[in-house]
Amino acid sequence: MDLADKAVGLLLSGISLSVFTYYTFWVIILPFVDTDHFVHKYFLPQEYAILIPVFALVALLCFLCMFVGYVMLKSKKKKA
Amino acid sequence: MKHILKILALLVAISAFWIGLLQASVIPESYTWLLPLYFIVSLGCYGVLMVGVGLMQFPTCPQEALLLHQDILEARDFLKNKGVDVGSN
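Residue numbers (my numbering), protein chains in the order written: chain F, 1 to 80; chain Z, 101 to 189.
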């Protein structure tokens, strides 16, 4: 079983490192590169660099609020 | 109460630093606008990285697992002698 744990851990670390390098490249390095360099093809337009994290944050907050509300409703129904 | 005040003070200090950075224009302005978002994303990334590293380094202690299994068998036999039936594997 520890091999599955190690594989999941490796996958998680790999995902986080790649997301971090991609985002760093996107936000910090890309504005300094000329607009007709080929590397711009691999990155989405810069507005998405702001939209995607903000959307993810808002979705996470919504999910948290819904979960808290659901748990509160369920506990109140069980008590009554 | 004091803990919340400490956290609020930290947040106010960070916002003051960010607004100061905006006014001073040391870095190009488009960077300063994106900086808080970048830090939030990198903090999330760091959390996931720590979870992954912890998962990879989690110790399993196979000898202790074997000893525990033997203890369970011993306890089951003892209780069965006394009349209680626990085993149902």
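Warning: the hint list may mix true and false statements.
[As the list claims (entries may be wrong)] Rough simulated footprint, nothing fancy, chain Z against chain F, three-plus residues with beta-carbon under 8 angstroms:
| no. | region |
| --- | --- |
| 1 | 2-16 |
| 2 | 49-59 |
| 3 | 70-80 |
[To be verified] Cβ pair distances, simulated, as ranges:
| no. | chain 1 | residue 1 | chain 2 | residue 2 | range |
| --- | --- | --- | --- | --- | --- |
| 4 | F | G69 | Z | I119 | 18 to 26 angstroms |
| 5 | F | K77 | Z | L137 | 46 to 54 angstroms |
| 6 | Z | I172 | F | F67 | 16 to 24 angstroms |
| 7 | Z | K102 | F | G69 | 36 to 44 angstroms |
| 8 | Z | M150 | F | C65 | 32 to 40 angstroms |
| 9 | Z | M150 | F | A56 | 36 to 44 angstroms |
[To be verified] The following residues of chain Z were derived to be distant from chain F, with all beta-carbon distances above 12 angstroms:
| no. | residue |
| --- | --- |
| 10 | L108 |
| 11 | P128 |
| 12 | S130 |
| 13 | D177 |
Simulated from the structure, these hints should not be mistaken for laboratory data.
Bear in mind the structure is a predicted one, so any value in this text is a computation, not a measurement.
Just so you know, even glycine gets a beta-carbon here, dropped at the ideal spot from N, CA and C.
Right, here's what the structure says about each hint:
1. 2-16: With 12 residues close enough to chain Z, the hint holds.
2. 49-59: As far as the region 49-59 of chain F goes, the hint holds, because 5 residues have Cβ atoms under 8 angstroms from chain Z.
3. 70-80: violated (count 0)
4. F/G69 - Z/I119: 18 to 26 angstroms: violated (35 angstroms)
5. F/K77 - Z/L137: 46 to 54 angstroms: violated (40 angstroms)
6. Z/I172 - F/F67: 16 to 24 angstroms: At roughly 36 angstroms between Cβ atoms, F/F67 and Z/I172 fall outside 16 to 24 angstroms, so the hint is violated.
7. Z/K102 - F/G69: 36 to 44 angstroms: About 30 angstroms separates the Cβ atoms of Z/K102 and F/G69, which means 36 to 44 angstroms is violated.
8. Z/M150 - F/C65: 32 to 40 angstroms: violated (26 angstroms)
9. Z/M150 - F/A56: 36 to 44 angstroms: Check failed, 19 angstroms falls outside 36 to 44 angstroms.
10. L108: Fine: 19 angstroms to the nearest Cβ keeps Z/L108 off the interface.
11. P128: Z/P128 not clear of chain F: closest Cβ-Cβ about 8 angstroms, inside 12 angstroms.
12. S130: Non-interface label fails for Z/S130: nearest chain F Cβ at 7 angstroms, not farther than 12 angstroms.
13. D177: Z/D177 clear of chain F: closest Cβ-Cβ about 27 angstroms, beyond 12 angstroms.
Of the hints listed earlier, those the structure fails to meet are numbers 3, 4, 5, 6, 7, 8, 9, 11, 12, in rising order.
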